[in-house]
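Chemist: What follows is the residue order along each chain.
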Amino acid sequence: MKIIYMDNNATTRVAPEVLETMLPFLTDLYGNPSSAYSFGGQVARDIRKAREQVAAFLGASPEEIIFTSCGSESDNTAIMSALNTGKDRMHVVTTRVEHPAIKVLCNELIKRGYRVTEVPVDREGRLDMDRYKKSLTPDTAIVSMMWANNETGAIFPVEEAARLAKDRGILFHTDAVQAAGKIPIDLRQSAVDMLSISGHKLHAAKGVGVLYVRKGTKFSPFLIGGHQERGRRGGTENTAGIIGLGRACELAAQRLEEENTRVRKLRDRLEKGLLDRVPNSRVNGGGAERLPNTTNISFEFVEGEAILLLMDEFGICASSGSACTSGSLQPSHVLRAMGVPFTMAHGSVRLSLSVYNTEEEVDIVIDRLPPIIEKLRGFSPFWKPQAQACASGT
Amino acid sequence: MWEYTDKVKEHFLNPRNAGEVEEANAVGEVGSMACGDALKLTLKVDDDGKIEDAKFQTFGCASAIASASALTEMLKGKSVQEAEKITNQDIADFLGGLPKEKMHCSVLGRQALESALSNYRGEAPKEQEGEVVCECFGVTDKEIEKAIRENNLTSVEEVTNYTKAGGGCESCHDAIRELIARVREEEAPIKKPKLSNIQKIKMIEETLEREIRPSLQQDGGDIELVDVIGNRVLVSSLGACAVCKASELTLTHFVEAKLREHVWPELTVEEVPK
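Chains as they are written, first to last, in our numbering: chain A, 102 to 495; chain B, 6 to 279.
If you are wondering where the hints come from, they were derived from the structure by calculation, not from laboratory data.
With a straight-line cut-off of 16 Å between C-alpha atoms, the simulated EDC-like cross-links for lysine to aspartate or glutamate are:
id: 1; chain 1: B; residue 1: K81; chain 2: B; residue 2: E25
id: 2; chain 1: A; residue 1: K212; chain 2: B; residue 2: E175
id: 3; chain 1: A; residue 1: K316; chain 2: A; residue 2: E164
id: 4; chain 1: B; residue 1: K14; chain 2: A; residue 2: D413
id: 5; chain 1: B; residue 1: K14; chain 2: A; residue 2: E414
id: 6; chain 1: B; residue 1: K81; chain 2: B; residue 2: D51
These numbers were taken from a predicted model, which means no experiment stands behind them.
Next up, chain A with everything else stripped away, as it sits in the complex:
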């Protein structure tokens, strides 16, 4: 069975060009880049090149790039660094729809006596800027705000939010894990102090991430050990991962236009095809400025996990914000923060595309998914009365 992979916000396939770049470092070129001999020095040179590639991709300087193990490590490092260097500032500003790497850390910080403000979003997932401005206080150590939401693709006005923080002398971090490679990022003119990306979200391997730290920003390492990354992140480098990420960033820059043209058209075709064929469905965050590859659709009166498992029978891979998909019993905190009603939130499906998706795949999903919803609604106790109510105009 052919796999139709539409879960690229969860992870992406490693690009063949990236794999080719990585392979020598998993086989012959296994030297430690910290070694004194040339066998390791050769690897160190390739890491240097990767650092330059990542920096170019972000509009940064190579010395502003710290390689980490993942986006979560980058996020955690940024916040903890701000709190450790922020003298006695005890306040963190974030949003209600952050990734667990931020959300769970903030919950932990509350237990340790810090104050956390979660700025709300509207029904489309747009940030409440008035509330954001009011949340910034002299006690605020850092603002941590995702650039684009992983579930809906909604894009936050990060540049403006960063400037507002900078004007008040507050550090600004953005989790750009979903944004990188899908929308342009140029940190040269930006007020962003720290930024996280993750390799496996942009066709590099899993186990490698980046934390950008603007020159002059006070920094406290999260992982203490060796002198790697100029003492800012101890631990022997994931050489193949880092070198692959450098190549992936080069490719992502080249494919940015395709993401915003061909991939966007595919996403729009998919969305329209499904909305046209399935009654009582809607796009969550459809009214917000969104990533070009992401659609989050709710199908009323059916449950998300059941939809995903039936899609899996056709080899279609997607995600859901339903409670039953995760260990939690509550549906997606993102959808609930947007005020998506329970009738919709439980039946949400996220389809996230990449440059590797085709029109043929999109048409297969448009063909296969509506009968699945129809089947599940066929024995949903809530669907029939609703259909009758609609038919009778009540």
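Starting from the known structure of chain A, arrange chain B on it as the hints suggest.
Modeler: Same frame as chain A, but now just chain B:
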């Protein structure tokens, strides 16, 4: 993705008895959209009290659909009395097990069955019994206590898996812990009361008479109680036992064992000269 058994997958992909029984005379509805699980069970019970037909409608995940399908299969052909005995564990067992986090799906099935049978008997729909402990999912203390008893639950996590209580904001976790402690205390085996010295002596004498002497006398021996000091039972061997080389073993392996079994588990037997 959850690890489901082949039978769960089979019942999810090809659910049996989906829909509504026409002219049903037993209808049970439980759950809600907010909770993420809802089940409507409709049954047709014949004049002899046998379940002729059973169908379900459900809003829920794969294991909720499979549990409802399994339940209807289990119910068909059973008498109402037999159906009453079906537990949530029976539903899970029928499916070859459910992930522990999904046991509440089987509980939903059991609740729908209770509701349907109550409806069949013409009873008014039950008012929610007890006080709501979990506001997020509207679960009462009575429901939690029942789940703890029926499934021998010992932790908040288990209670959440079986009832959903505590799976939201978590503010009810302390209340759930108190309920677990209370039920566990009630369920704990009753400890044998401590014996007074007089009771102990009386019971030792009775046991010697009933359980020990007849055996010793068959071999020409006997035993006599001399004194009881705390848990030390002082005895004298008589007849053949008094001269038997194995009398020490008899005292430990037979007399002491019998007294520990019938009187008090900490008794020790010592021989003293008569």
